[in-house]
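Keeping their order, the protein sequence lines are chains L and P. For the first sequence, this note's numbering assigns the number 1 to the initial residue and increments by one for each residue that follows. For the second sequence, this note's numbering assigns the number 119 to the initial residue and increments by one for each residue that follows.
To be clear, the hints were calculated from the coordinates, so they are not data collected in a lab. Keep in mind that the hints are not guaranteed to be accurate.
[What the hints assert, rightly or not] So the derived list for chain P, only partly shown, Cβ under 7 Å to chain L, looks like this: (1) Thr185; (2) Asp186; (3) Leu275; (4) Ser470; (5) Gly482; (6) Thr491; (7) Ser492; (8) Pro496; (9) Ala497.
Quick caveat: nothing in here was measured; it's all calculated off a predicted structure. No residue lacks a Cβ here, since even glycine has one placed at the ideal position from N, Cα and C.
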Amino acid sequence: MNMYREELMEHYKNPLHRGVIKNPTREVEKKNPMCGDIIRLQVIVKGNVVEDVKYNGESCAICLASADILAHEVIGKSVFEVKKMSKKDLLELIGVELTTSRVKCAELSLIALMEALK
Amino acid sequence: MRKFDPDTIRNDFPIFSRKVNGKELVYLDNAATSQKPKQVINTISDFYSLHNANVHRGVHTLSEEATDMFEKARKNIAKFIGAVSSGEVIFTSGTTESINFVARIWGEKNLTSKDEILTLVSEHHSNFIPWQQVAKKTGAKFTVIELDKNGELDLDLFRKHLSKKVKIVAISHVSNVLGTIFPVKGICKLAHEVGALVSVDGAQAVGHIPVNVQSIDCDFYSFSSHKMFGPMGVGVLWARQEILNTIPPFEYGGGMIDAVSILNSTWAETPDKFEAGTPNVSGVIGLLAAVDYINKLSFESIREHEVNLLKYLSESLKKFDRIRILGPIDLENRAGLVSFIVHGAHAHDVASVLSTYGIAVRSGHHCTMPLHTSLKIPASVRASLNVYNTKNDIDKLIFGLKEALKIL
């Protein structure tokens, strides 16, 4: 099925950025109360650059794969640039058509990242 | 008793004539809401087309017709649940409102910091939060009893929690996640021995297993129309007449008064006292059509059909190494629903893949966060059955699960 296309599932099954940072600059935990998804996202910011992002959580494939794609996209970019990212940008990066309820799963990591960069 | 034939029954439900994602609908989310038969849909449509008027207010023909239909519904619904009189049946917007009514109006009037409320860890949020909050407000102790490893209530453990301090036991008749049919009759007997009242959340029971409030001997019983083939937005609170006589109105407005002067008001008798404002007349009449539909099928055949499917579903799920079923092993103690977890896959992903095959199941914590926390699982998948489900539906579910497990 389209929502679970291979590239997306690759980020879920073999993630590049899932894990824990020992001394993060900021960390944020976000929940989706409707479905029970939880994501913990950590960032290291040095001189206004997002040096590293890691995440962890008990969440669905869409939520975790989205976090992995997002982390991969923003590492190395300036905080200023990352803050300009919208939900639409993220959904384009994910590149699969999501139903209304699943957009919320995908969006959780972006909401956490924006809060971490506040 | 006519032969119970789900294929014939399906013809009564217009929704099965549509396609979902290009496939025939396999509807296994009945614990969330049931589908509606044409008998119910037509009754509502006929009310608005032919009889629409406000109730209890006019002397003109339409108003009298509407009032007669509305009160006939109350009378027959009272009979359906074994109430002593129709005055004990109060129409609400659903189980949630019914329980909030009991917790707030009875609870706030009768509970103090010396009292205790007993409930179960498996309660739906609608039978959990109202009591948790009334406990905070009144200072009463809020005690949540854990279930055993099969998701059943150990009556000895329950007995140990009982004391003269306990004023109310809030319990579901059937768990919406585990499917457990709780021994409400035994619970009421034990609770009454220490002078406690029992409020039963019957949302998952009515329409699936026989319910008789006098035989259960509870004090409050709440249920929703939409889970038993009726329309959404209407439900029932049944309470003993002598309790209703002692509690104040829930809301104020039209239709619930005896007399009103500038400084004072006096209240109508029950049930009118508790039904301020224009009620959901079409909803109530629709609910009666649903009750008639259930009576025609008969509880014995409904339960027999659901238990047969439940056995088949449960056996089919057991063949998956990655699937663990939650709740009672003894299917006689289980209503027609099965929640399960899939190792290595999140419930949402499983449900999403199933949806592409036209299969509707519920995923998430099913409004029971305390239970999911207690079971140490983030979410589960739930397949819940009804009269129109067939073995074919379950075969399709199993096929969908196999496909989902290939991807996830």
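How the hints compare with the structure:
no.: 1; hint: Thr185; result: violated, 40 Å
no.: 2; hint: Asp186; result: violated, 42 Å
no.: 3; hint: Leu275; result: violated, 28 Å
no.: 4; hint: Ser470; result: holds, 6 Å
no.: 5; hint: Gly482; result: holds, 5 Å
no.: 6; hint: Thr491; result: violated, 10 Å
no.: 7; hint: Ser492; result: violated, 14 Å
no.: 8; hint: Pro496; result: holds, 4 Å
no.: 9; hint: Ala497; result: holds, 5 Å
Taken one by one, the earlier hints fail for this structure at numbers 1, 2, 3, 6, 7, listed in ascending order.
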